[in-house]
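Undergrad: Chains as they are written, first to last, in the working numbering: chain A, 48 to 210; chain B, 105 to 308.
Since the hints were made in silico from the structure, they are not lab data.
Here the structure is a predicted model, which is why all the values come from computation and not from measurement.
Certain hints may be false.
What the hints assert, rightly or not - Which residues of chain B face chain A? A partial, calculated answer using Cβ under 10 Å: (1) PRO170; (2) GLN244; (3) VAL257; (4) ALA298.
What the hints assert, rightly or not - Pairs of lysine to aspartate or glutamate residues, derived as DMTMM-like cross-links and limited to a Cα-Cα distance of at most 20 Å, are as follows: (5) A:LYS106 x B:ASP274; (6) B:LYS304 x B:GLU283; (7) B:LYS235 x A:ASP155; (8) B:LYS173 x A:ASP133; (9) B:LYS304 x A:GLU191; (10) A:LYS76 x B:ASP274; (11) B:LYS304 x A:GLU193; (12) B:LYS275 x A:GLU156; (13) B:LYS173 x A:GLU156; (14) B:LYS306 x A:GLU195; (15) B:LYS276 x A:GLU156; (16) A:LYS168 x B:ASP269; (17) A:LYS168 x B:GLU128; (18) B:LYS203 x A:GLU195; (19) A:LYS137 x B:GLU155; (20) B:LYS304 x A:GLU195; (21) B:LYS275 x A:ASP164; (22) B:LYS174 x A:ASP158; (23) B:LYS295 x A:GLU193; (24) B:LYS174 x A:ASP133; (25) B:LYS173 x A:ASP158; (26) B:LYS275 x A:ASP155; (27) B:LYS174 x A:ASP155; (28) B:LYS306 x A:GLU193; (29) B:LYS202 x A:GLU193.
C-beta: ideal position from N, C-alpha, C; glycine also.
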Amino acid sequence: MIKKITFIAGIFFAMFFDVNAQESVEIIKFDRLESLINDKEGKVKIINFWATWCGPCVKELPHFEAAREEFSGKVSVNLISLDFADQLSKVNRFVQKKALKSDIYLLDEIDYNSWIDKVDKSWTGAIPATLIINEKTGERKFVESELEEKELYSLIQDFLSKS
Amino acid sequence: MKKLSLILTAFAFIFTFAGKPVTEGYEVGDTVKDFKLKSTSGAMVSMADFEEAKGFIVIFDCNTCPYSKKYLTRIKALNKKYADDGYPVLAINSNDPKKSPGDTYDEMMKYAKKNKYAHAYLYDADQTVAKRFGATNTPQVFLLSKNSGKYVVNYIGAIDNNTSDAAAADKKYVEDAVEALLKGEKPPVTKTKAIGCTIKWKAS
Chain A
48 MIKKITFIAG IFFAMFFDVN AQESVEIIKF DRLESLINDK EGKVKIINFW
98 ATWCGPCVKE LPHFEAAREE FSGKVSVNLI SLDFADQLSK VNRFVQKKAL
148 KSDIYLLDEI DYNSWIDKVD KSWTGAIPAT LIINEKTGER KFVESELEEK
198 ELYSLIQDFL SKS
Chain B
105 MKKLSLILTA FAFIFTFAGK PVTEGYEVGD TVKDFKLKST SGAMVSMADF
155 EEAKGFIVIF DCNTCPYSKK YLTRIKALNK KYADDGYPVL AINSNDPKKS
205 PGDTYDEMMK YAKKNKYAHA YLYDADQTVA KRFGATNTPQ VFLLSKNSGK
255 YVVNYIGAID NNTSDAAAAD KKYVEDAVEA LLKGEKPPVT KTKAIGCTIK
305 WKAS
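So that you can see chain A by itself, here it is in the shape it has in the complex:
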């Protein structure tokens, strides 16, 4: 009997941890990013472009993680890594170390000039860069600089107040 309970408890335990375990970051192509941008779930959506080697990007990541908690249910946060695809294990280690909970993808599209304008015409290609979209109204804002937590929050609040 005790053995059985331990066994069942073990299964539950395993399931619990499996659900919470950080899976490997998914490598995506531009079409996935495009549908991410265009998906309409009726939320305010944040798409942040970053890389593990980019100092200012790494510095602002906690703000996005915090915003995801603060505006839970109203805001979705997607972190798009522009690390090279052969650096996936480095990205995975980084994500685990920082315990990042946002949706994270690695965009493997090396022909940058072919897609940068499709994200935003004003984007020069420098990172960090952040796209905020109101999925209801279609309103969007593109910020090509590091964001302070305050700036990010007021941007989100501004978007939420209009939806």
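Using the hints provided, position chain B relative to the given structure of chain A.
TA: Showing chain B alone in chain A's frame:
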């Protein structure tokens, strides 16, 4: 009545200027002002020093950016290939060393020596050149041609279309542009964008 028209003129004046966004930076076709920057060789370098040059491959670059590192060999190769044809590479580092400690002038000297730079590597200490050009990230190329003593922008953007693998790049923007200029033609592509490290601007 005179007063009214004066006020109206003043308003028109204000609105004309207020409505214009302050945009810095060169576009293709613009004439570039010469600069004088300290090279890792110790000398002050201007474009005017290169009397034989037909133009310049100006590259905003640095020691620390992974994308610059990926392009290091290709930047050296561009200079090797085109300096003798009249298009030398002038690399400019505009990063604020306070924000990017690996980009001090001393570090630049070490880096240029270690990597055996044959091209000029210039220190844009007060970032005025990067601002004047409208440079945004590294590495970013401004290909200039010399037309009757004036330096004219012919191409702005990336070196090629594959940062991670030179051999896999099937669009060599800068090479194609220089080849076109050497033939007296216009570059086939005049502007591209690339993901890169943002220039580390001094806190304003």
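Undergrad: Between B:LYS203 and A:GLU195, does the CA-CA distance stay at or below 20 Å?
TA: With a Cα-Cα distance of about 16 Å, the restraint between B:LYS203 and A:GLU195 holds, given a limit of 20 Å.
Undergrad: For B:LYS235 and A:ASP155, compute the direct alpha-carbon distance and say whether it is at most 20 Å.
TA: violated (31 Å)
Undergrad: Going straight from one Cα to the other, do B:LYS304 and A:GLU193 come out at no more than 20 Å?
TA: With a Cα-Cα distance of about 11 Å, the restraint between B:LYS304 and A:GLU193 holds, given a limit of 20 Å.
Undergrad: Take a quick look at whether B:LYS174 and A:ASP133 sit within 20 Å of each other, Cα to Cα.
TA: holds (14 Å)
Undergrad: Between B:LYS304 and A:GLU195, does the CA-CA distance stay at or below 20 Å?
TA: holds (16 Å)
Undergrad: Just to be careful, I want the Cα atoms of B:LYS275 and A:ASP155 compared with a cutoff of 20 Å; is the pair within it?
TA: holds (18 Å)
Undergrad: Quickly compare the C-alpha distance for B:LYS173 and A:ASP133 to 20 Å and report which way the hint goes.
TA: With a Cα-Cα distance of about 16 Å, the restraint between B:LYS173 and A:ASP133 holds, given a limit of 20 Å.
Undergrad: With the threshold set at 20 Å, check whether the alpha-carbon distance from B:LYS304 to B:GLU283 stays at or below it.
TA: Cα-Cα ~32 Å, so violated.
Undergrad: Need the status of pair B:LYS306, A:GLU193: alpha-carbon distance at most 20 Å?
TA: With a Cα-Cα distance of about 14 Å, the restraint between B:LYS306 and A:GLU193 holds, given a limit of 20 Å.
Undergrad: With a cut-off of 20 Å on the C-alpha distance, tell me whether A:LYS76 and B:ASP274 pass.
TA: holds (19 Å)
Undergrad: Per the CB criterion, is B:VAL257 less than 10 Å away from chain A?
TA: violated (16 Å)
Undergrad: When you check the alpha-carbon spacing of A:LYS106 and B:ASP274, does it fall within 20 Å?
TA: violated (35 Å)
Hint check: violations occur at hints 3, 5, 6, 7, 16, 19, 23; the rest are consistent with the structure.
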